[in-house]
Amino acid sequence: MPLSIAGTIAQLYKTAGLQQPTLQRRIVLLNELLGPYNLTCIEIAGLTSLAASNFLLQHGAFFDPIKNANQDPLAGYLYVSRTAGYIFVERNDLVVRRRFSAAHELGHYLLHFQPLIASTVPYDEDEPLIMSEALSLFTGDEEDDDTPTGRVFIPERASLASLLPPERQMEDEANRFAAALLMPAEIVSGLVERYRPVCRGDDLLWRLATEMLVSKAAIYRRLQDLHLSQLISASWN
Amino acid sequence: MGLEFLHEYGAHRMRDDAMRPLLLDTNDRSLEQESDEEVDLNYEEPADTWKPIDVQEVAIPPNWTLCPRGFIDGKDLGRTVAWLQTTEGYPIPVRLSEIGAVVMCNGSAGITREWCVIERVVSMIVDPFPWDEIESFAFALQEHGFRLLPCQKPQGRLTFDFQEMRKATQNRSLDEMMRLEKQALVYAKAMPVLIDGRLESRTGGFDEEKTAVVGMIKGHYRDYLHDQGWRTYYALRMGQRTPLFLLKQKNIDVVSWYLRIDGTADDLPTWGIVRLEIPAKFFSLTIGKDWSYINRLSRLICEYRCKDKSYQRASVSLYPIQRAEESLGALFAGSDPLVHHFYNLTRL
Numbered sequence: 172m173p174l175s176i177a178g179t180i181a182q183l184y185k186t187a188g189l190q191q192p193t194l195q196r197r198i199v200l201l202n203e204l205l206g207p208y209n210l211t212c213i214e215i216a217g218l219t220s221l222a223a224s225n226f227l228l229q230h231g232a233f234f235d236p237i238k239n240a241n242q243d244p245l246a247g248y249l250y251v252s253r254t255a256g257y258i259f260v261e262r263n264d265l266v267v268r269r270r271f272s273a274a275h276e277l278g279h280y281l282l283h284f285q286p287l288i289a290s291t292v293p294y295d296e297d298e299p300l301i302m303s304e305a306l307s308l309f310t311g312d313e314e315d316d317d318t319p320t321g322r323v324f325i326p327e328r329a330s331l332a333s334l335l336p337p338e339r340q341m342e343d344e345a346n347r348f349a350a351a352l353l354m355p356a357e358i359v360s361g362l363v364e365r366y367r368p369v370c371r372g373d374d375l376l377w378r379l380a381t382e383m384l385v386s387k388a389a390i391y392r393r394l395q396d397l398h399l400s401q402l403i404s405a406s407w408n
Numbered sequence: 002m003g004l005e006f007l008h009e010y011g012a013h014r015m016r017d018d019a020m021r022p023l024l025l026d027t028n029d030r031s032l033e034q035e036s037d038e039e040v041d042l043n044y045e046e047p048a049d050t051w052k053p054i055d056v057q058e059v060a061i062p063p064n065w066t067l068c069p070r071g072f073i074d075g076k077d078l079g080r081t082v083a084w085l086q087t088t089e090g091y092p093i094p095v096r097l098s099e100i101g102a103v104v105m106c107n108g109s110a111g112i113t114r115e116w117c118v119i120e121r122v123v124s125m126i127v128d129p130f131p132w133d134e135i136e137s138f139a140f141a142l143q144e145h146g147f148r149l150l151p152c153q154k155p156q157g158r159l160t161f162d163f164q165e166m167r168k169a170t171q172n173r174s175l176d177e178m179m180r181l182e183k184q185a186l187v188y189a190k191a192m193p194v195l196i197d198g199r200l201e202s203r204t205g206g207f208d209e210e211k212t213a214v215v216g217m218i219k220g221h222y223r224d225y226l227h228d229q230g231w232r233t234y235y236a237l238r239m240g241q242r243t244p245l246f247l248l249k250q251k252n253i254d255v256v257s258w259y260l261r262i263d264g265t266a267d268d269l270p271t272w273g274i275v276r277l278e279i280p281a282k283f284f285s286l287t288i289g290k291d292w293s294y295i296n297r298l299s300r301l302i303c304e305y306r307c308k309d310k311s312y313q314r315a316s317v318s319l320y321p322i323q324r325a326e327e328s329l330g331a332l333f334a335g336s337d338p339l340v341h342h343f344y345n346l347t348r349l
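Going line by line, the protein sequences match chains A and B. Residue numbers for the first sequence, in this note's numbering: 172 to 408. Residue numbers for the second sequence, in this note's numbering: 2 to 349.
Rather than coming from a laboratory, the hints here were simulated on the basis of the structure. Some hints here could point you the wrong way.
[Claimed, not checked] Simulated crosslink set (DSSO-like; lysine-lysine; CA at most 27 Å straight-line): (1) B/K251 / A/K387; (2) A/K387 / B/K168; (3) B/K190 / A/K387; (4) A/K387 / B/K154.
[Said to hold, decoys possible] Listed next, with one range per pair, are the computed distances between beta-carbon atoms: (5) B/W272 / A/R365: 43 to 51 Å; (6) B/G11 / A/L397: 39 to 47 Å; (7) A/T193 / B/H341: 24 to 32 Å.
[To be verified] Chain B side only, calculated, beta carbon under 10 Å to chain A, not exhaustive: (8) V127; (9) I135; (10) L149; (11) K183; (12) Q184; (13) A185.
Just so you know, these numbers come straight off a predicted model, no measurement behind them. Don't be surprised by glycine CBs; every beta carbon is placed ideally from N, CA and C.
Here chain B stands alone, though its shape is the one from the complex (with noise of 0.2 Å):
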């Protein structure tokens, strides 16, 4: 059978489509996931005592050995190509993707590319399908260079609701670049970094006591804050930071921040300004709880954003993660050509 699989079961083509609502579910799964999380807002100041922390001023030593120097960023190219149906007649969304991660080293000879890994998968619900046809399907994959990566049902069951399907499908190739961006930790090793998403997910990637980590999250996920914090937020200037507040969660304790990295008061309130995380054990164990580190940090990393205005996410970016995602995407094959590839080889 191999890539005559989709054809057999009726596959369709699918043309390019933003993910739409749920049909039958408008709860954010991603929000409850994280309801594990505890917050301790009193971990650098009294809750009720919060300000902005200036870090413009601070100097940052020459030679300063815990200074990122690695910066590391997935990629996640690719979309939802075609659907079949199961006997059943559960829609079965098939997503193809370039996955990477990619390592970005700023050294002497400026900001150069370290290492990389780039895949080529394609993601789908294969349960519901013979073993036999899955094998061979996944063989047939495997010799034109992709690799199957079999989701798990949404919530343990099947669904008519295409568009939960869908996204159970799209999160298994997120997943597996956060694995990909695991890995490119793993590489740096000892070599202090920045990673663009939270920590989290990458557990694994990184030693929490003794690597010198940071993740740097554009979004807001949770609302972490208590009232004192978001007037401390929105008074936020250029250069400035909030104090830190430690957040349990289940994979890895992080002490957080937000810092305003670009912007003035003219701008949006939210402009600019980024959540920054790194290893509770690694701040309290390693550095011995010295705020100055947190200091430096932050004004290195207000040194480090993207002055391109034309890059969209400018605000909320930094230089060496620009470059880092345009390394990869360079890299990419990029999404049209592999779907048309990837549509000849299964004849759909």
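Same shape as in the complex, but just chain A (with noise of 0.2 Å):
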């Protein structure tokens, strides 16, 4: 059964014990959220699936080399086992993107991994489990709306990948629960409320962004989610 991002995310405060964030306290602490699963999120500067292979080689987190180990530069890296999961983010990303891509690539793991791992339980508990998703570098600086989009790789159990849902739809999830987690709904209306009066255009972009540390690309999409980004265009008539 699929499960909804607003449920995910009203969950995720629960396990995590935390409040959810009010018009006063808006910046959301995605790494206290983290903190309850059993996921270790790491840095790298030129991060690729290859440099989190051997990164995780090096620290002795599993002894052979990440299957399909690439160079292609990335943005974030998730990489899940039945006992473990490492959340990588490029290090030399903006810090707004970096929470972004981590968000992102929490949303996999609850949204698809996860659900994953508890449905094949009963069945093959002891048969390895390894899932990677690879969210493709951004391109460009703040401001550029590009949507992050990347891939899952299921190296070993190719067969579990017909009870995920289709990628594209996994990415789409995936962006949309980073893009709730980080902006509440309530948050971003009430903000929206309280500065459009006298904020236009991209003024209000930049005050919702750093209100909510997020991007201001991720800002504007999140305005386009919820109905409001004509606000942004609107015009001085």
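Put the two chains together into one complex, using the hints given.
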């Protein structure tokens, strides 16, 4: 049964024992939300799946390199086994983008990988299950509106891939999860209500971006999702 | 981690110190940014026939609807309060500021404060640090009423030149102050307003075609004039202006002119001369290039000049702008108490 993004986020806060953000506390503590899960977040400069593989080998996380690892530059990378998970982000990215990449990978973990692991437990608990997701590197600067895209790999259990939603849907869900997590609808609406009377266009975007520690492109996409983007282009007349 | 972030990275307090010249580079990048501007000196008069235009005797109708009634000013009262280093040793300045903007209105009760906004901000380059530590720091700042303003690295890269990093950090809070000034412009809506500063950096805060907005610039950042223009400039007497010239800029085209609002030939040659600008679209489409508008405006600005000689920049200031500065200053907590509060919170 597919998990709803809102339900997953609510569960995430419940598991972490944290309060949902408010208009007064509008920066989401993503790192604290990761805490209860067996997920380690690592920043690597020049992130590729090969660099992630080498990092995990050097740190004794496992003994065999990641299959299909390559040198394609990445913004984020998620590596999950039955017992542990690692979120990698590109260290040279802007902080606001690193947060989004980490949230995107958390979305894959909670919406796709964790349910898949759970669904295989009764049948083949002892079989190895390795999954990974590679998020393409962002291009341009903070203002560029580039929707992140990635790819999911399940190298040793290709048959399990059929249990997952189509690739495009998974990417879309991970992006929507990251946006909803870092920019909750009620907070965005509240801030828009607060600043709209005196902030126009770009200024409103920058204002919201700094209030929530996200990129300008991310907040713009979120406003589009929430059907509020017309406020950005609202003319003087 | 929260506010401990600074402590964890070995941040030091920094004494109040003026900006120093850049360590490695003496180029003034603010001038380079303006090199896109195109100047048309033949806008009002042929460039080679420029001479001072007297506005002293110009009459201003009592109910002139385009008379500026709103006066907007912003303030960035802050300084670099600490510095820390990245793991690679790059120096990262931390600037603490109170920023604000105000709309003063000249009405029947005199010049009164109509609207204002004040904020406490911390600007610093954040990208060299782990995202989770910055997240926690920003969250903790927010809890204490400060907003973290992430700065871009100067020219897209880190440098060991502390002054260059410091300049980037200072520019960030100044940019944010200008955003507050734009909020003030939005608040003023259709009211004819005068703003202390260039219009180029406040575009988006007003309607280029319909808002009667005037920018007043005290300093010279670029040489716009030709030889005859400079001769005219130095020949200006109080209440005289140069002909208009058109400035084509990246964000907005403006028509501009110099006006002497104070001083005599016995003062410094540049004494009391300000540059004024209005949106070119407003002047051509709404005003229909009516030069009498410029003359009335110039005359009125001379009337508004600051007569308080104890005020440091009186020769190039307007009384309502002086009031705006004072009004904002009175609302600020003041630099020292704020800095000490910050040191207490961050245990520096």
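* Which hints, by number, does the structure contradict? -> Going through the list in order, the structure violates no hint and respects every one.
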